[in-house]
Amino acid sequence: MDTILNTYSTVKESEVSVWFKAAEVGKFAKNGGVCVKYKDKQIAVFNFQRRNKWYACQNLSPEKNENVLSRGMIGDENGIPKVACPLHKKTFSLETGENLNGDLNAIATYPVKIVDNFVYIGFSE
Amino acid sequence: MKSVLVIGNGMVGYKFCEKFVAKEYSKDFKITVFGEEPRPAYDRVHLSEFFENGDAKALEMAPRSWYEKNNIELITNERVTDIHRTNKTITTISEKTYGYDYLVLATGSSAFVPSIKGVEKKGVFVYRTIEDLEGMMSYAENLKKKNPKAKAAVLGGGLLGLEAAKAVMDMGLEPHVVEFASKLMPRQLDKRGSSVLQNKLENMGINILLSKATNKILGEDTITGMEFGEYDKIDVEMLVISAGIRPRDELGKTCDLKMGTRGGIVVNNKMQTSDPEIFAIGEVALYNEMIYGLVAPGYEMADVAVDQILGTTETLMSADIDMSTKLKLIGVDVASFGEPFMPVEKGYSILFENKTKDLYKRINISHDGKKLLGGILIGDASDYNMFHQIYLNGLPIPEDAEELIIGSRGEGGSSFGSAMDIPDAAQVCSCESITKGAICSSITEGGCNNLADVIAKTKVTTGCGGCKPMVVDLVNETLKSLGKEVKETICEHFEYTRQELFGIIKIKQLKTFDEAIDTCGKGDGCEICKPLVASIFASLYNDTANKEEVIQDSNDKFLANIQRNGTYSVVPRIPGGEITPEKLIVIGEVGKKYNLYTKITGGQRIDLFGAQLNDLPAIWKILIDAGFESGHAYGKSLRTVKSCVGSSWCRYGMADSIGFAIELENRYKGLRSPHKFKGGVSACIRECAEARGKDFGIIAIEGGWNLYVGGNGGATPRHAQLLAEQIDNETVIKYLDRFFMYYIRTAAPLMRTSTWLDKLEGGIEQLKKIVVDDKLNIAFELESEMQGLVDAYQCEWKQAIENDDMVSRFQHFVNSEDTDDNILFVPMREQLQPSAWGN
Ligand code: SRM
Ligand SMILES: Cc1cc2nc3c(=O)[nH]c(=O)nc-3n(C[C@H](O)[C@H](O)[C@H](O)COP(=O)(O)OP(=O)(O)OC[C@H]3O[C@@H](n4cnc5c(N)ncnc54)[C@H](O)[C@@H]3O)c2cc1C
Ligand code: SF4
Ligand code: FES
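Protein chains in written order, with numbering that gives the first Met the number 0: chain A, 0 to 124; chain B, 0 to 838.
Hint data in this document are derived by calculation from the structure and do not stem from the laboratory. Keep in mind that the hints are not guaranteed to be accurate.
[Unchecked claim] Partial list, computed: chain B residues near chain A (C-beta under 7 Å):
| no. | residue |
| --- | --- |
| 1 | 522 |
| 2 | 553 |
| 3 | 605 |
The C-beta atom is built at its ideal place from N, Cα and C for all residues, glycine as well.
So that you can see chain A by itself, here it is in the shape it has in the complex (with noise of 0.2 Å):
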């Protein structure tokens, strides 16, 4: 099991050697969440309209192993903007993905760029 989770660490903008083109801005919900293929990596993608922000995780829930973020509410806690896992609506930061109500481990964040109308995501492999 762990060997899936292990599959996702974070990659920082300066870390980024592969701009992935996912699909077309109007292909994401305005406020929600869609995944995103990537080799064998699937993660979530969400188009946070009220901040005008987009953010990249995984998508794959550290508490169960299961493959839903893309699933959950976004919102925000104290500011920091956060997705609920659709399973235990256990809550993680979008920004450093660090477990918000519990002590799960972190999990991966990528960035997000939009180029032409398109939407690209940072792997560093």
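Since the structure of chain A is already known, use the hints to place chain B with the ligands on it.
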């Protein structure tokens, strides 16, 4: 810097650390903790929950990172083997040596295994650690594969033994409890109480064998049975021994500390052993010539030891230790407090027994009738907290003490006043030793504003949790006394109650979440307020969940309930439970085509489990083409209206209950409300539809229907209360419209009708005034609002599959047609289930 070594990282050893680092002077000390078990300290009291969820992490007292953060060195998997008092060092199993200034022994105890011939055989377990449970679970799993009817015994009918019996039963084995004494829970219950409990347990399927001394465990090298006398034996394939505990005092013995004659390391009221620099706390410590097998005294000992080491020498262990207990988990209320048995020279007893309900209550009163000395409660222990407080604090009791157990005869009152009447010094949470005064002053002086603040600040309720109802009362009453409104505001984004927000949205005609949060909230919203606002919109405008799908609870977003492995269930509506063979065949075909696990639900319909997200639209297309609609099994909305077969077939039927159930289910389907709601229609008082267990229940009588409301199964079962008698179909609908609309307007989020009715000032009488007599003059408004919602109904699944944009929501990937290949199923009987969650 001084060094404190803690040996044993169990509940009490952990509590010592927690209390230590919370103190100001603790910075001058370095704490090192040794634990023999592989993982950091966990909550043994709730060990049995491991059976339910296999989640060891959830039991952790604190994660490893907590120890790091607090500068505590935690060394697990390392047993301490020797103490050298002369040079103040210890050595461990891996032959490492550590020096100490103070040593704290918190080595706890181990399960006592009596020396019966054959106890070493395979299949014999004790019940103490997570590893014990894991061993039992995998053993039971294997047994069941070979013999689905396998039996297991528990040796010992005490508190723990009964808990173990429940666990064994939950593992799917036939449980047998073997007790040496002539009654169950011999230390806490009298004979009468024990026999009521026995009856109740036997009804649950737990077999009880009393007065049995086990001579021998039978079997070659694996257990096959237990022998009591020459011709007296039972066949069992597994045994859990729960015959008491033995302190883990071996370290004390080897370094010559003073020991009790029957074990345990002797301590004084400072928790010092015979060596003043060595302390012993928890289940290893022999205090007042007793070992206390409960967490509360252990925590108090930890507190005393912390203060003593830090130099606050006036903190001493209490002389009297309260041994009151409440049995948890087994599904029967059992509690015993103070002096459960009453020697005639000390007082007299009042007993109440009702065999038809398996109820037994005993209270023991002082000769002058002024004090409650102890008692036993079986079948209903809801008064335990209050009795316990009365007993602990010597509070006054009614002149006629029997009122305590027979109940006051007035309406809605309890025979003793409110929780606020107990003195400030009264200990409310015995696990964390927190007094009523501390709870109240955390609000009046400590700046706490609600229950969550109080829990975070004082740690109250975080032990066994038994004090929670009383703490809730205290917090609410204190807030009220400060003139603070006890306001359940929705979350950090909306400083309103649901009822207030409902009013604002309605008056301002707000229609989107952004409008709502920009007008009367702040921030970006969260998983609490978004679904709540969505539900209010739905109740006001009867929008379906497709309207603004990103603010719907995630189940509503996908119009299906998410399951353990991220797949979904499909529940078509089957109004009243009536279905044609043709439709049954369609369900069967869908199940077959998509390989779905199929089950009849508790709500008279059929659930198909294991559908992948991207298959949902296609599945629903087939169902909708065959005439099905969404069953809203995911929504906070009408579930089912259960019916009995009624006058159409039943020889006792007095009305057409199926027809009426279908009519009502169709009327209220899709209606969003603060929580889900359910109905039932029975055609005579035999009540086969269990209508009184539902939010609304209708029972046919001579000349009409009786209408009941506010029933609930679930976690807090309640019978529905009579709202109106002998009314016709039309009046039933009229009253139901009013009742629901009023509930939808005023209830708190996620509050079922039963709790709402409990909290409604004036209760059912007040509700009658509003619904039947229309005292508020709003009946017309309520009815027309409801009619508007009924008219606006549409099936949201139909809506979703007919719209390409909506269908795209159900794709797993935005950039690929692939499905989630991480999902694994395993066979179960002739169908399938998700593979188990790993840790
Ligand atoms: C399928 C079913 C169990 C079964 O196999 O029979 C079921 C399954 C679930 N129930 Fe239930 N309940 C089912 C009948 C019941 C009943 C019996 C009844 O309706 O007569 C009750 C007690 C009656 C009552 O509600 O008063 C019941 C009381 C609950 C509760 C506790 C409610 C309470 O007030 O305490 C929950 C939790 C909640 O709603 O917060 C719950 C929640 C759930 C959830 C939704 C948990 C979840 O979020 O995943 C389960 C998911 C079902 C799914 O994925 O489709 N279920 N649940 C039954 C579906 C009935 C149906 O056709 O819709
Ligand atoms: C199933 C179950 C249900 C229970 N329910 C309740 C309840 O409802 N209410 C209640 O009040 N109590 C209950 N208890 C009792 C409660 O769990 C104990 O009172 C409490 O755990 C005692 O804490 P402790 O730290 O003294 O001992 P423990 O929790 O046993 O911890 C001692 C630790 O020290 C370790 N250790 C021992 N020797 C060494 C050594 N030489 N070197 C290193 N480590 C060592 C042990 O491995 C162990 O991890 C229950 C117990 C069980 C098993
Ligand atoms: S179906 Fe109901 S009772 Fe059964 S586990 Fe799920 S929520 Fe609990
Ligand atoms: S699986 Fe995500 S919170 Fe439980």
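Verification of the hints:
{"no.": "1", "hint": "522", "in the structure": "holds, 5 Å"}
{"no.": "2", "hint": "553", "in the structure": "holds, 4 Å"}
{"no.": "3", "hint": "605", "in the structure": "violated, 24 Å"}
This entry does not satisfy hint 3, going by the numbered hints stated previously; all others are met.
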